[in-house]
Amino acid sequence: MPRARRKMRRRRVARVAVGSAVMAGTAGAVHHHQAKKYARQDAEEQQELYEQEMEQEQYAPPPEQSPPPPAETTQGDDMIAQLERLGALRDQGVLTEEEFSAQKAKLLGM
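Heads up, the final residue of the sequence shown is numbered 112 in the numbering used here, and it's a clean run with no missing numbers.
It is worth saying that the hints were derived from the structure and are not from the lab.
There could be a bad hint or two in this list.
Distance ranges between label pairs, derived from CB positions [stated by the list, open to error]:
| # | residue 1 | residue 2 | range |
| --- | --- | --- | --- |
| 1 | Ala45 | Val18 | 21 to 27 Å |
| 2 | Ala31 | Leu51 | 29 to 35 Å |
| 3 | Lys108 | Gln67 | 28 to 34 Å |
| 4 | Thr28 | Glu55 | 38 to 44 Å |
| 5 | Gln54 | Ala29 | 49 to 55 Å |
| 6 | Leu51 | Arg14 | 33 to 39 Å |
| 7 | Glu53 | Lys108 | 41 to 47 Å |
| 8 | Ala90 | Glu66 | 57 to 63 Å |
| 9 | Gln49 | Ser22 | 36 to 42 Å |
| 10 | Ala29 | Glu66 | 57 to 63 Å |
| 11 | Glu66 | Glu100 | 27 to 33 Å |
Once the Cα atoms are required to be at most 20 Å apart in a straight line, the calculated SDA-like pairs of lysine to any residue come out as [said to hold, decoys possible]:
| # | residue 1 | residue 2 |
| --- | --- | --- |
| 12 | Lys108 | Arg92 |
| 13 | Lys38 | Gly21 |
| 14 | Lys106 | Arg92 |
| 15 | Lys39 | Val18 |
| 16 | Lys106 | Asp80 |
| 17 | Lys106 | Gly89 |
| 18 | Lys106 | Gly95 |
| 19 | Lys39 | Gln58 |
| 20 | Lys106 | Gln94 |
Built from N, CA and C at the ideal position, the CB exists for glycine as well.
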């Protein structure tokens, strides 16, 4: 092969190689730019969601608090004491049997 032809062939190969390198570099730069753009958009969306949640928490009514459980021993003791007082009043003749029964039913929730 003559020398001139080999030179021409090398130039074509060099042009193709340089062109490929330029294209690869450009594609890499574009990819990097897009990745940064999408990351920024995601960060902005997350910030908006966070602000919305904080707004909702700020204006949300406080959670309902359940009443404390009833103290059964205190209520039971109190009920027994009241029944004993009613029985004593009945025994003393202050209450009739019907009044005693009505008060007892009321006290026991019947």
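Hints versus structure:
1. Ala45 x Val18: 21 to 27 Å: Given about 41 Å between the Cβ atoms, the range is violated.
2. Ala31 x Leu51: 29 to 35 Å: holds (31 Å)
3. Lys108 x Gln67: 28 to 34 Å: At roughly 30 Å between Cβ atoms, glutamine 67 and lysine 108 fall inside 28 to 34 Å, so the hint holds.
4. Thr28 x Glu55: 38 to 44 Å: holds (41 Å)
5. Gln54 x Ala29: 49 to 55 Å: violated (37 Å)
6. Leu51 x Arg14: 33 to 39 Å: With Cβ atoms ~55 Å apart, the hint is violated.
7. Glu53 x Lys108: 41 to 47 Å: violated (57 Å)
8. Ala90 x Glu66: 57 to 63 Å: About 42 Å separates the Cβ atoms of alanine 90 and glutamate 66, which means 57 to 63 Å is violated.
9. Gln49 x Ser22: 36 to 42 Å: Once the Cβ atoms are compared, 41 Å apart, the range 36 to 42 Å for serine 22 and glutamine 49 holds.
10. Ala29 x Glu66: 57 to 63 Å: holds (58 Å)
11. Glu66 x Glu100: 27 to 33 Å: At roughly 43 Å between Cβ atoms, glutamate 100 and glutamate 66 fall outside 27 to 33 Å, so the hint is violated.
12. Lys108 x Arg92: With Cα atoms ~16 Å apart, lysine 108 and arginine 92 stay inside 20 Å; holds.
13. Lys38 x Gly21: Answer violated: lysine 38 to glycine 21 is near 26 Å, above 20 Å.
14. Lys106 x Arg92: Holds. Lysine 106 to arginine 92 sits at ~11 Å (cutoff 20 Å).
15. Lys39 x Val18: violated (31 Å)
16. Lys106 x Asp80: holds (13 Å)
17. Lys106 x Gly89: holds (9 Å)
18. Lys106 x Gly95: Roughly 16 Å between the alpha carbons, so the hint for lysine 106 and glycine 95 holds.
19. Lys39 x Gln58: violated (29 Å)
20. Lys106 x Gln94: Roughly 16 Å separates the two Cα atoms, so the pair holds.
This entry does not satisfy hints 1, 5, 6, 7, 8, 11, 13, 15, 19, going by the numbered hints stated previously.
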